[in-house]
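Protein chains in written order, with my numbering: chain A, 1 to 479; chain B, 1 to 287.
Simulated from the structure, these hints should not be mistaken for laboratory data.
Among these hints, one or two may not hold up.
[Stated by the list, open to error] Below, a list of computed lysine-lysine pairs in the DSS-like style, where the Cα atoms sit at most 27 Å apart: (1) Lys265/B / Lys278/A; (2) Lys437/A / Lys152/A; (3) Lys12/A / Lys119/A; (4) Lys441/A / Lys425/A; (5) Lys153/A / Lys173/A; (6) Lys278/A / Lys295/A; (7) Lys97/B / Lys121/B; (8) Lys136/B / Lys121/B; (9) Lys118/A / Lys72/A; (10) Lys281/A / Lys295/A; (11) Lys343/A / Lys121/A; (12) Lys3/B / Lys278/A; (13) Lys437/A / Lys153/A; (14) Lys278/A / Lys274/B; (15) Lys320/A / Lys295/A; (16) Lys281/A / Lys274/B; (17) Lys194/B / Lys121/B; (18) Lys265/B / Lys295/A; (19) Lys437/A / Lys176/A; (20) Lys278/A / Lys343/A; (21) Lys281/A / Lys265/B; (22) Lys232/B / Lys202/B; (23) Lys425/A / Lys91/B; (24) Lys232/B / Lys425/A.
[As the list claims (entries may be wrong)] Computed footprint of chain A on chain B, listed as stretches where at least three residues anywhere in the stretch have a Cβ under 8 Å from a Cβ of chain A: (25) 34 to 46; (26) 85 to 96; (27) 227 to 239; (28) 264 to 273.
The model shown is predicted, which means the values in this text are computed figures rather than measured ones.
The beta-carbon is built from N, C-alpha and C at its ideal position, and this holds for glycine as well.
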Amino acid sequence: MTTKSLNPIPIKERMKVPRQLMPEQPAEQRAHNFEEVNLGFSEELAQQEARRCLECAKPTCTDNCPVGIDVKEFVQRIVIGDFLGAAAKIREANVLPAVTGRVCPQEDQCEGKCLLSKKVKPLGIGYLERFVADYEQRMGTHVVPKATPTGKKVAIVGSGPSGLTVAGDLIQKGHKVRVFEALHEIGGVLVYGIPEFRLPKQIVREQIDYMREMGVEFETDVVVGRTVTIDELMNEEGYDAVYIGTGAGLPQFMNIPGEHLNGVYSANEFLTRINLMKAYKFPVYDEPMLDLHGKHVAVIGGGNTALDAIRSALRLGAEKAYVIYRRSDAEMPARAEEVHHAKQEGIDFQMLTAPVEFLSDGRGWLTGVRCVRMELGEPDSSGRRRPVPIKGSEFELPLSVAIMAIGTTANPIVQTTTPGLDTNKRGYIVASEETQKTSRKGVFAGGDIVTGAATVILAMGAGRRAATSIHEYLTSGSR
Amino acid sequence: MFKIIHAEFLAPGIKRFVIDAPRIARKQQPGQFVILRIYEEGERIPVTIENSDPLRGTINIVVQSAGKTTNLLNTLQTGDSILDVVGPLGKPSEIAKYGTVVVVGGGVGTAMAYPTAAALKREGNRVISIVGARNKDLVILEKEMRAVSDALMITTDDGSYADKGFVTDKLRQLIENGTRIDLVVAVGPIVMMKAVSEMTRKEHIHTVVSLNPIMIDGTGMCGGCRVMIDGKSEFACVDGPEFDGHRVNFEVLVQRNTMYRDAEKLSMEAFQHKQAEQACVTDGAEG
Chain A
1 MTTKSLNPIP IKERMKVPRQ LMPEQPAEQR AHNFEEVNLG FSEELAQQEA RRCLECAKPT
61 CTDNCPVGID VKEFVQRIVI GDFLGAAAKI REANVLPAVT GRVCPQEDQC EGKCLLSKKV
121 KPLGIGYLER FVADYEQRMG THVVPKATPT GKKVAIVGSG PSGLTVAGDL IQKGHKVRVF
181 EALHEIGGVL VYGIPEFRLP KQIVREQIDY MREMGVEFET DVVVGRTVTI DELMNEEGYD
241 AVYIGTGAGL PQFMNIPGEH LNGVYSANEF LTRINLMKAY KFPVYDEPML DLHGKHVAVI
301 GGGNTALDAI RSALRLGAEK AYVIYRRSDA EMPARAEEVH HAKQEGIDFQ MLTAPVEFLS
361 DGRGWLTGVR CVRMELGEPD SSGRRRPVPI KGSEFELPLS VAIMAIGTTA NPIVQTTTPG
421 LDTNKRGYIV ASEETQKTSR KGVFAGGDIV TGAATVILAM GAGRRAATSI HEYLTSGSR
Chain B
1 MFKIIHAEFL APGIKRFVID APRIARKQQP GQFVILRIYE EGERIPVTIE NSDPLRGTIN
61 IVVQSAGKTT NLLNTLQTGD SILDVVGPLG KPSEIAKYGT VVVVGGGVGT AMAYPTAAAL
121 KREGNRVISI VGARNKDLVI LEKEMRAVSD ALMITTDDGS YADKGFVTDK LRQLIENGTR
181 IDLVVAVGPI VMMKAVSEMT RKEHIHTVVS LNPIMIDGTG MCGGCRVMID GKSEFACVDG
241 PEFDGHRVNF EVLVQRNTMY RDAEKLSMEA FQHKQAEQAC VTDGAEG
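Based on the provided sequences and hints, a complete structural model is requested.
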């Protein structure tokens, strides 16, 4: 269909247009508030950026998108000013564009494979996705697709990115969909984990309202496995299929001395108190948290969760905010943009450093951490060079709060209450990589509860594959 | 929204609510609890389930006024609603035929011990219950406990009812009398559970305690409820709340439960201030 380009800039000239910069809240200002860091593109910036697209005959960006967004097509619609059309195009593959436009690691996905990046900076696909999603929201005129009811019912366990993707895809195919959420708010990690300055909760609510308009039903305060089991959902409540997307599980600890001291948090707890429970608004909200004003705070770990936690601590008044990470910059799993933003805000990165003991005041409260410097040795099983402690390099940092962000383990509740559901040796649910089918007929699973902690977009990718195979299962009756 | 079908005080500051919660009522087993949030700005707190009626679709919870949230909760009455109630959470008590089981309930912990005692009795155990309270007014569920126990002993700290002393005095008597005890289940204040566990450790009597750390989600996500068991972190919401009392580090539990003492005090004072103001307004209106 795209025989003639509608882009006014000749192909050869496009590389000369610089990648448009994302307007940001100034670092010194944003370090003290929870408002969004990235302010979003204007229509002009979006169109200028969109015109950089080389319109490849075989777009590798789409191939490298876990949910398979037709990037070329939506970008072309921006070029001609059809922003709602662009949003509709994205929505065919992605029910949460305003979310992924903000939190995807685009440098590893679509933008990482952009042809432009061989010579210049890649196309700002994430920025453009966010732009059209926000535009659509502002216009308030999104199209709500209606499908012919199939009479089939699907239960979705967990309302995080994976579950929402399955819900969005299946409702558009005419199935009745009900999402069960353990917490009191819908959105999973999008509401309890990712902070306001990276993903405003209003954005999440709007995306969920849209899903409600499409007909998706939500039930909060249901811990599947405890409040109702998978078998009860299928045998007594009449669900024809179930998707398990229960997400990340319990936080891991290092089991070093002093980890139980008051002042040592897991990142999940720290972020849940802030994001879900609004503890930073205490006493207007009842949930408390330790006062961080003028305090020294460190996060242990180098992923996105670690950065979310420490940047939140900074915004809550921490005087010194450290990232303590045992490997070097190159191995940090956090998104490049987040690391960059954190450095701008004044976060102190203690690289190649590991804690060995948390120090106490003798009355149960944290006063500091003893660390050791590391050097990189031979590659380990993950292919990354193994950090090795340097003898005699121990030092102490005074701290009031330490946040452990070194990963999670599988939440056992669904697995232990669902007979015949196979798990691997680490406790995660075994599911086919192509179809997300589990060992139980009619039960599918995806996201962190299958892979272990990963990203929003990978969980959504699993959700898309699951929706396809659930639809096939429901319409053909086969496994 | 979860409707309160009935609310009544069992003792000063201890209230029982019958709540319309059909899903939870169907699934509740002894040893489990719920987490609730009263209103939009409210905190999530774990609360004891005393009983449930699957046919009526109701659960009974028992709440003792301590901080702001429990005090506020105990102002609610029949017909009021609670915004969120989620459960039943935690692993159920392991109910089996052990032989002779001593069930110890301290204060409001008796409400948590009651369904376990009842289930152990139904399973064919000989159940000896010991209920302790600070004074006569605070002895709760005496009739209920008596109905499910082969023997019931009651102690009050001040001697205002039954025998003066602590639950551990009764437990020591049983041990000294040579009563064969196959299992002790203790639910109550941390100091009580610790004292019971120390006593039974010497006698090699398996002892189960129900822990009450600070908790937020209660579903195995946040890790706030971590407790130290045999020197390692475990989580009360998914690994417990019941643990082998001989493996629990009670000092860490006590210490971690003080983490928000300042904030809790602040909340409580603000709440009392508001209550007093409201009382003034009401008095004025009536006058």
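Structure-based check of each hint:
no.	hint	verdict
1	Lys265/B / Lys278/A	holds (19 Å)
2	Lys437/A / Lys152/A	holds (18 Å)
3	Lys12/A / Lys119/A	holds (12 Å)
4	Lys441/A / Lys425/A	holds (21 Å)
5	Lys153/A / Lys173/A	holds (12 Å)
6	Lys278/A / Lys295/A	holds (20 Å)
7	Lys97/B / Lys121/B	holds (9 Å)
8	Lys136/B / Lys121/B	holds (26 Å)
9	Lys118/A / Lys72/A	holds (18 Å)
10	Lys281/A / Lys295/A	holds (18 Å)
11	Lys343/A / Lys121/A	holds (21 Å)
12	Lys3/B / Lys278/A	holds (25 Å)
13	Lys437/A / Lys153/A	holds (17 Å)
14	Lys278/A / Lys274/B	holds (22 Å)
15	Lys320/A / Lys295/A	holds (7 Å)
16	Lys281/A / Lys274/B	holds (18 Å)
17	Lys194/B / Lys121/B	holds (25 Å)
18	Lys265/B / Lys295/A	holds (21 Å)
19	Lys437/A / Lys176/A	holds (20 Å)
20	Lys278/A / Lys343/A	holds (25 Å)
21	Lys281/A / Lys265/B	holds (16 Å)
22	Lys232/B / Lys202/B	holds (23 Å)
23	Lys425/A / Lys91/B	holds (22 Å)
24	Lys232/B / Lys425/A	holds (20 Å)
25	34 to 46	holds (count 5)
26	85 to 96	holds (count 5)
27	227 to 239	holds (count 5)
28	264 to 273	holds (count 4)
Against the hints set out earlier in the document, no violation occurs for any number.
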